[in-house]
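Visitor: Got chain A sorted already, so can you dock chain R onto it with the hints?
Order-wise, the sequence lines are chains A and R.
Quick note on numbering: our numbering labels position 250 of the first sequence as 250, and the sequence is numbered without any gaps.
To convert, count from 1 in the second sequence and add 1000; that's our numbering.
Quick caveat, the hints were computed from the structure, so don't treat them as lab data.
Just so we're clear, the structure is a prediction, and the values are computed from it rather than from any experiment.
No residue lacks a Cβ here, since even glycine has one placed at the ideal position from N, Cα and C.
Hints are not guaranteed to be accurate.
A few chain A residues facing chain R, derived, Cβ under 10 angstroms [said to hold, decoys possible]:
(1) Leu6
(2) Arg8
(3) Gly75
(4) Gly78
(5) Ser80
(6) Val97
(7) Gly148
(8) Ile149
(9) Ala163
Per the computed footprint, the stretches of chain R lying under chain A, defined by three or more beta-carbons under 8 angstroms from a beta-carbon of chain A, are [claimed, not checked]:
(10) 1173 to 1184
(11) 1309 to 1322
For reference, the chains in residue letters:
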Amino acid sequence: MTKYLLTRLRQSLITLFLVSIVVFAGIRALPGDPALALAGEERSPEALAAVRESYGLNDNVVIQYGRFIGHALTGDLGTSSRTGLPVADAIAQALPVTLELAALSLLLAIVVGIGAGVVAAVRRGRPEEWLANAIALIGLSIPTFWLGIVLVLGFAIAVPVFAASGYVPFGTDPIDNLRRMVLPAIVLGSGLAAVVMRQTRAAMLDSLSADYVRTARAKGLSRGSVIGGHALRNSLVTVVTVLGLQLGHLISGAVVTEQIFVLPGFGKLTIDAVFTRDYATLQAVVLCTSAAYILINLLVDVVYSVIDPRIRLGGAR
Amino acid sequence: MTDDRSVRDGGTLTVALNSDPDKLDPTLAQTLVGRTVFASMCEKLYDIDEDGTVVPQLAASLPVTSADGRTVTIQVRPGAEFSDGTKLDADAVVTSLLRHRDLPGSARGTELAPVSKAEATGPLTVRLTLDHSYVPLTGVLADRAGMVMSPTALEKYGKDFTNHPSCVGPFRFVERVGGDRIVLRKDPNYYDADRVHLDGVIYKPIPDGNVRLANLRSGDLQVGDQMAPVDVRSALTEPKLQLFNSPSLGYQGIGLNVGNVKGLGQKPGKIDTPIARDVRVREAFELAIDRDLLNTVVFQGMYEPACGPISPQSAIAPGVKPEDCPRRDVGRAKKLLKEAGVQTPVKIELKTSTTPEQGRVGQVLQAMVKEAGFELSLRPTEYATMLAETDAGDYDVFTSGWSGRLDPDGNVSNFLKTAGAMNAYGLGDPEIDKLIAEGRSVADPARRTGIYDELTRRVQDAHALIYLYRQKNYVVAGKDVAGIRVYGDGLVRVKNAGYTR
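Bound conformation, chain A alone:
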């Protein structure tokens, strides 16, 4: 297990390094001069030249990359060319927002998705299954932006239970935090809940018809124990794989949700950085997101072995 982990960690670092090169080159391949994007409608040649100079944009791309990596290794992610604020600060402020949003959405997807999936499988061919399938289909089909606006109109304006926008840290005011995070979490988590429901249902149907479940029933185990302890536990391997893959999507999918609910997270930071060609911020955000993806994949592999002992990782041989 340790050997496997070390190998995976090494691979992850190499991937991250390659990603940094692709990100760096990709951002610079975007048309549009960052100095121009920054200057907007007022662009005197002197001011543009000074901006390019002060952010080292006149240097060779290789030198710029070397400087970026050198600084990044020491924890210095540079300064935003637009706001003049340190990028590390911006990330430190945005990260908790996106992580909380992703975590709440994930929780919602797990509770609703797995619950509905189990019900749909157990009550196969009955109205409950039809209902669960219909809800899943709706969850998959509704555009995020539309759902967001409808929820705001319904639950922040018509019946003002939740807030329409903004973020308050959980530590500052837990109630207000949840008041602001529930609607975004529903919007972001609805698609994932639908995916999880369908996966759970399919896996449960497989499990419920498997020999070991029949054996468990024959042994006289309770219905709950058969479904929860045997069928669901084995079905979860597939579900965890899907969740792992989708968690990355949650973080990147937060872009639209954060725009609708004006949440100062990674998505909003990324969009702002793209439009202003804020290289330093964009690089850092994409790198952090890539690192999160890589880490999640690693964690998913580890969780597999915990859920299903049949899966033996590298060290078993």
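Guide: Only chain R this time, still in chain A's reference frame:
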């Protein structure tokens, strides 16, 4: 537009901006939304009032200019303090003006270039020596170049002043969370603090109009700045919301590439396209456009048709009124194309930004000019890319706009002067250059009006920048908020705002 209902003390106002401001350093800042934030925390030597007239703000009176126009004396307001508690005096004004002029990367450098010397001749007296007579100076000092920063804060924070801005203003800077909010709190050191009612102001960037409106409706926001006409129409159906508006000093139009072959700041060259070669083709293009219809279809008639660089609202040199703009004349447009001997349809590509409104402007233009014999194709281009391409001269026609400046010079010189810093059109006309120079040096308002009228005619005849409409500044606010001021410079002033009793 103002609102003078009486208000109670206390409360915080949340104002939505349509984008995140850039640096909160008056020397380096370049965005319009940034100016709105500065309006609450960084006062200027001069300001404008409801009628667009320049009035003293941190200066004690209007500037006194010598007979030859080369020496300007400014009296500084006595008894004012910066938010860090230090005193405002002539030295502080001089320090700020020189920083605006000389700091590398300063966005104010060009505006203050004619100032060759700035000195304090008394505790509250500043004397500026100019290279040449420069009438727009007062207008310039009523904008960011006239903002005075605390010399103590400048020395303490240096380049990092942007994260610790300290000026004279009704509110002082507290914190900024990039992309999320800028928080200001009432400044007890402010000379007019008695008339400031709010405890604080929070500025929140919310680019999407729908989202801004939803937040205004839910009461999470109290003020929405720069609302689009479609959102304003929608907001007006809400009994809890009210509308403020003011005409703007800027313009929106389309730029035609008549000679930009080497990029900005370079001498115009020859371009071999029908619209660049022959002024009759450009005139035909303009004659095919119906400005009123464009305004009605795209902006619900809520903007003003325009055909010149200077707004009729400008106090210094009133521009052409909307009703005096050339009318659509498809017959004449066709005739001009025939005279020019070009093969129809004349194929032209229009670069527009990617906003839905600009897309609709493009579609309406496309339909209009088609009747006259133009085949207009649209290329929506992301903003930064469009700037890079149009500055380099890589375009036929693009949507070109300017938020406007108080002094007419700020709306013409950089754009229309040969090799001007923002002359992306490649326009080069010695007569226009001469009129721009005269407009800057003649102090008499009546004579200036004559000069800018002639300049406008000349620019209209060149058809290199076809002015189409002027936006209006629409600000939507909750009805329980009073005391907001929206003037022609497009800024939302909340100094005297508060919640109604």
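Visitor: Please flag the earlier hints that this structure goes against, numbers listed from lowest up.
Guide: Violated: hints 1, 2, 3, 4 and 11.
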